[in-house]
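If you want the building blocks of each chain, they are given just below.
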Amino acid sequence: MASKAFKKFLPLFDRVLIQRFEAQSTSKGGIMLPETSKGKVLEGEVLAVGDGMRTNDGKVMPLTVKIGDKVFLPEYGGTKLLLDEKEYYLFREADLLGKFD
Amino acid sequence: MASKAFKKFLPLFDRVLIQRFEAQSTSKGGIMLPETSKGKVLEGEVLAVGDGMRTNDGKVMPLTVKIGDKVFLPEYGGTKLLLDEKEYYLFREADLLGKFD
Amino acid sequence: MASKAFKKFLPLFDRVLIQRFEAQSTSKGGIMLPETSKGKVLEGEVLAVGDGMRTNDGKVMPLTVKIGDKVFLPEYGGTKLLLDEKEYYLFREADLLGKFD
Amino acid sequence: MASKAFKKFLPLFDRVLIQRFEAQSTSKGGIMLPETSKGKVLEGEVLAVGDGMRTNDGKVMPLTVKIGDKVFLPEYGGTKLLLDEKEYYLFREADLLGKFD
Amino acid sequence: MASKAFKKFLPLFDRVLIQRFEAQSTSKGGIMLPETSKGKVLEGEVLAVGDGMRTNDGKVMPLTVKIGDKVFLPEYGGTKLLLDEKEYYLFREADLLGKFD
Amino acid sequence: MASKAFKKFLPLFDRVLIQRFEAQSTSKGGIMLPETSKGKVLEGEVLAVGDGMRTNDGKVMPLTVKIGDKVFLPEYGGTKLLLDEKEYYLFREADLLGKFD
Amino acid sequence: MASKAFKKFLPLFDRVLIQRFEAQSTSKGGIMLPETSKGKVLEGEVLAVGDGMRTNDGKVMPLTVKIGDKVFLPEYGGTKLLLDEKEYYLFREADLLGKFD
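Protein chains in written order, with the working numbering: chain A, 299 to 399; chain B, 299 to 399; chain C, 299 to 399; chain D, 299 to 399; chain E, 299 to 399; chain F, 299 to 399; chain G, 299 to 399.
Don't read these hints as lab results, they were simulated from the structure. Built from N, CA and C at the ideal position, the CB exists for glycine as well. Keep in mind that the hints are not guaranteed to be accurate.
To spell it out: a stretch of chain E is covered by chain G in this simulated footprint if at least three of its residues, at any positions, have a beta carbon under 8 Å from a beta carbon of chain G; those stretches are [to be verified]:
# : stretch
1 : 343-356
2 : 359-368
3 : 384-395
Chain C is nowhere near these chain E residues, computed Cβ spacing over 12 Å in every case [claimed, not checked]:
#  : residue
4  : Arg318
5  : Phe319
6  : Glu320
7  : Leu340
8  : Pro372
9  : Glu373
10 : Tyr374
11 : Asp399
Straight-line distance between alpha carbons at most 25 Å, and here's what the computed PhoX-like set of lysine-lysine pairs gives [unchecked claim]:
#  : chain 1 : residue 1 : chain 2 : residue 2
12 : A       : Lys397    : B       : Lys357
13 : A       : Lys368    : A       : Lys397
14 : F       : Lys364    : G       : Lys397
15 : B       : Lys368    : A       : Lys397
16 : B       : Lys368    : B       : Lys384
17 : C       : Lys364    : E       : Lys357
18 : F       : Lys306    : G       : Lys368
19 : F       : Lys306    : F       : Lys368
20 : D       : Lys384    : D       : Lys368
21 : C       : Lys364    : C       : Lys378
22 : F       : Lys384    : F       : Lys368
23 : A       : Lys357    : D       : Lys397
24 : C       : Lys368    : E       : Lys364
25 : B       : Lys378    : B       : Lys364
26 : B       : Lys364    : C       : Lys306
27 : F       : Lys378    : F       : Lys364
28 : A       : Lys306    : D       : Lys397
29 : E       : Lys378    : E       : Lys306
30 : D       : Lys306    : F       : Lys364
31 : F       : Lys368    : D       : Lys306
32 : F       : Lys397    : D       : Lys364
33 : A       : Lys397    : A       : Lys364
34 : A       : Lys397    : B       : Lys384
35 : B       : Lys357    : D       : Lys357
Start from the sequences, fold in the hints, and give me the full structure.
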């Protein structure tokens, strides 16, 4: 569903490239923050992941989310970036709240 | 008792998905914060838990609370989220105050 | 002396459930903070303790105070909670100042 | 494409010497921050890298980006420096957002 | 010289129970902070010590000051407490400045 | 080129004694910060280095810059000191930006 | 040259007892901070040192400066104390800038 242009982008370390889902007027089984962010879409799909943080003794710690995962995003944080005219978001993995099927 | 919709949601790392108990006018053996939050329900049930934080050398540290545990929640903190029209809360495990039978 | 209702409450990690001693007008051998908190009772009894913090490599570090210990509490900090209409306090063990016989 | 003068400059530790790409009026497949920084060029090429940070036990942790990598830069941060009349930027590797082909 | 009541008090972890020396108008070989705290007695005797902090891997790190040591106290910090009508002070060992004969 | 008086000075731990280069009106291949610090000389030569920081387990971690290295200095930071009427600067090694030939 | 009274004082952990040199109107080969602290004497002699900090696993890390070392002091920091009517200063070793012959 997402543009293939993101394939050019490789997040560094523990960063995750996210495409938010399109806003829907009704949320069938979807997750949404009420009151403060009515209608704000806070779910997305993982498009690319970094190799992982390196531990203090230099080993790489791979991410636990993977491409294709559907994740729930925090309301604040993340870096917005444009790739081929589409908006994407870059989050550190530890800031993602959860994943769901 | 809780909606099964939460089954779709998997918290990441050390996060815990909580459903608060319904507010009751009388607190029989229940725990409640007096004065500052009279009537505010601060107990809940654990609906889903993350896999755990990773230690500095990359091992996963499983959570100590588990699904079904009744927990006592701090007055502040946690992220509210809506799943199938019901309110849930996401806490880091270290912010939970205690569990009880 | 304390209500048995607290038995239902299990503090998590390094938290300690405390019942403050009753306020007394005279302090026979008791410890009290003068001036700033005259008459404020800052001693209590340990009613329940958590399993302990986990170290960076995932081991559990048991608490050093135990149920029945008489402890001296800092003037600020701790979380007040009501159990069967009685007030209790939850402290992290490292915030307790000392114990005494 | 970049001046060879940068060859004289060796970043220390985890620092990376970057040359930003020239600003272009149209972004064909390029990445750009919309709204807040329209037209600001946030992509660059790695011209030189440090040897890496040293871990707590004194080992050197080599960088993961290398000379020639095309990287995406954060909007803020980095140190601007002039080498033979050209502008370069110095970033810590952990502040780079991602690389792309 | 100090009241025996302090024997009832056992500091926790790295805390040290101190009794300040009586204020003297002349300081024969004593240490005193000039200007800012003229006449303020900043020396004391160690009356009780905790078992020590626990290291990250759970071992206890015993204190280096011991009962009877004469110590020099920082001007700020410490917790004042009353034991049988006498004032005592509780310091973390790392806050003590030095000891002297 | 630098005064030999600096030989008397041995920086401690990870500190580095620097002599800034003389200000020049034209910068042939030199590095200079434009706009904010026009003409400010930010290059220097390492005159003396400390033995290095000690790691958490007590080992000494030698510096990577050495006497005679030409380094690029951050615009802020460092401690100015006078030795035989000449100005020198003391930096922590981690604050140096890079070295160059 | 320094009073022998300091022999009574043993700094704790990584602290160092310093006696500043007497202020001199001319600085022959001496180090002095110009402008901001003209004439302020910032050199001193180490009179006593602590046993050293303890590492995370409980080992003692001895100091690298020793009694008799001539050291250069930072302009701010340190604790002034009076011993037999003379002024001394207490610094943490890591705050000392360098030593010189």
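Going down the list of hints, with the structure as the test:
1. Three residues within the 8 Å Cβ limit are the bar, and the stretch 343-356 of chain E against chain G gives 3, so the coverage statement holds.
2. For the stretch 359-368 of chain E, the stated coverage by chain G is satisfied: 3 residues place a CB nearer than 8 Å to a CB of that chain, which reaches the threshold of 3.
3. Only when three residues or more bring their CB closer than 8 Å to a CB of chain G does the claim for the stretch 384-395 of chain E stand; here the count is 4, and the claim holds.
4. For Arg318/E, the requirement that its beta carbon stay farther than 12 Å from each beta carbon of chain C is met, with the minimum near 14 Å.
5. At the 12 Å boundary, the C-beta of Phe319/E stays outside the reach of chain C, the nearest C-beta of that chain being 19 Å off.
6. Under the 12 Å C-beta cut-off, the non-interface status given to Glu320/E relative to chain C holds; the minimum distance is some 18 Å.
7. For Leu340/E, the requirement that its beta carbon stay farther than 12 Å from each beta carbon of chain C is met, with the minimum near 20 Å.
8. Against the 12 Å criterion, Pro372/E stays outside the reach of chain C, whose nearest CB is about 18 Å from its own CB.
9. Remark: the non-interface label on Glu373/E is consistent with the geometry, its nearest Cβ contact in chain C lying 18 Å away (cut-off 12 Å).
10. No Cβ of chain C comes within 12 Å of the Cβ of Tyr374/E; the nearest lies about 15 Å off, and the non-interface call holds.
11. Distance check on Asp399/E: its Cβ is at least 27 Å (rounded) from any Cβ of chain C, clearing the 12 Å threshold; non-interface status holds.
12. The straight-line distance between the Cα atoms of Lys397/A and Lys357/B is roughly 20 Å, inside the 25 Å bound, and the hint therefore holds.
13. Simply put, Lys368/A and Lys397/A have alpha-carbon atoms about 6 Å apart, close enough for the 25 Å limit, and the pair holds.
14. With a CA separation close to 18 Å, the supplied pair Lys364/F and Lys397/G stays within the 25 Å bound.
15. Of the pairs offered as hints, the one joining Lys368/B and Lys397/A holds, with about 23 Å between alpha carbons and a cut-off of 25 Å not exceeded.
16. Using a Cα cut-off of 25 Å, the hinted pair Lys368/B and Lys384/B holds, with the two alpha carbons roughly 18 Å apart.
17. A C-alpha spacing of about 18 Å is found between Lys364/C and Lys357/E, which places the hinted pair at or below 25 Å, so the restraint holds.
18. For the proposed pair Lys306/F and Lys368/G, the alpha carbon gap of about 11 Å is at most 25 Å, so the pair holds.
19. Note on Lys306/F and Lys368/F: the hinted pairing holds, with a Cα-Cα distance of about 21 Å set against a maximum of 25 Å.
20. This hinted pair checks out: Lys384/D and Lys368/D have alpha carbons roughly 18 Å apart, not beyond 25 Å.
21. At most 25 Å may separate the alpha-carbon atoms for a hinted pair to count; Lys364/C and Lys378/C meet this at roughly 20 Å.
22. Only pairs whose Cα atoms come within 25 Å are accepted, and Lys384/F paired with Lys368/F is accepted, the gap being roughly 18 Å.
23. Using a Cα cut-off of 25 Å, the hinted pair Lys357/A and Lys397/D holds, with the two alpha carbons roughly 20 Å apart.
24. At roughly 23 Å between alpha-carbon atoms, Lys368/C and Lys364/E fall within 25 Å of each other, so this suggested pair holds.
25. Proximity of Lys378/B to Lys364/B is assessed by CA-CA distance (about 20 Å); at most 25 Å being required, the pair is judged to hold.
26. Taken as a hint, the Lys364/B and Lys306/C pair is honoured in the structure, with Cα atoms around 17 Å apart against an allowance of 25 Å.
27. Of the supplied pair hints, the one linking Lys378/F and Lys364/F holds, its CA atoms being roughly 20 Å apart against a limit of 25 Å.
28. With a C-alpha separation of about 8 Å, the suggested pairing of Lys306/A with Lys397/D holds against the 25 Å cut-off.
29. For the suggested pair Lys378/E and Lys306/E, the alpha carbons sit about 16 Å apart, so the restraint of at most 25 Å is met.
30. Restraint check for Lys306/D and Lys364/F: satisfied, since their Cα atoms lie roughly 17 Å apart, inside the 25 Å limit.
31. Between Lys368/F and Lys306/D, the direct Cα distance comes to roughly 11 Å. Compliance with the 25 Å bound is thereby established for this hinted pair.
32. Note on Lys397/F and Lys364/D: the hinted pairing holds, with a Cα-Cα distance of about 18 Å set against a maximum of 25 Å.
33. Between the alpha carbons of Lys397/A and Lys364/A the distance comes to roughly 10 Å, so the proposed pair stays at or under 25 Å and holds.
34. Of the supplied pair hints, the one linking Lys397/A and Lys384/B holds, its CA atoms being roughly 18 Å apart against a limit of 25 Å.
35. For the given pair, Lys357/B sits about 21 Å from Lys357/D by alpha-carbon distance, which is consistent with the 25 Å threshold.
The structure shown violates none of the earlier numbered hints.
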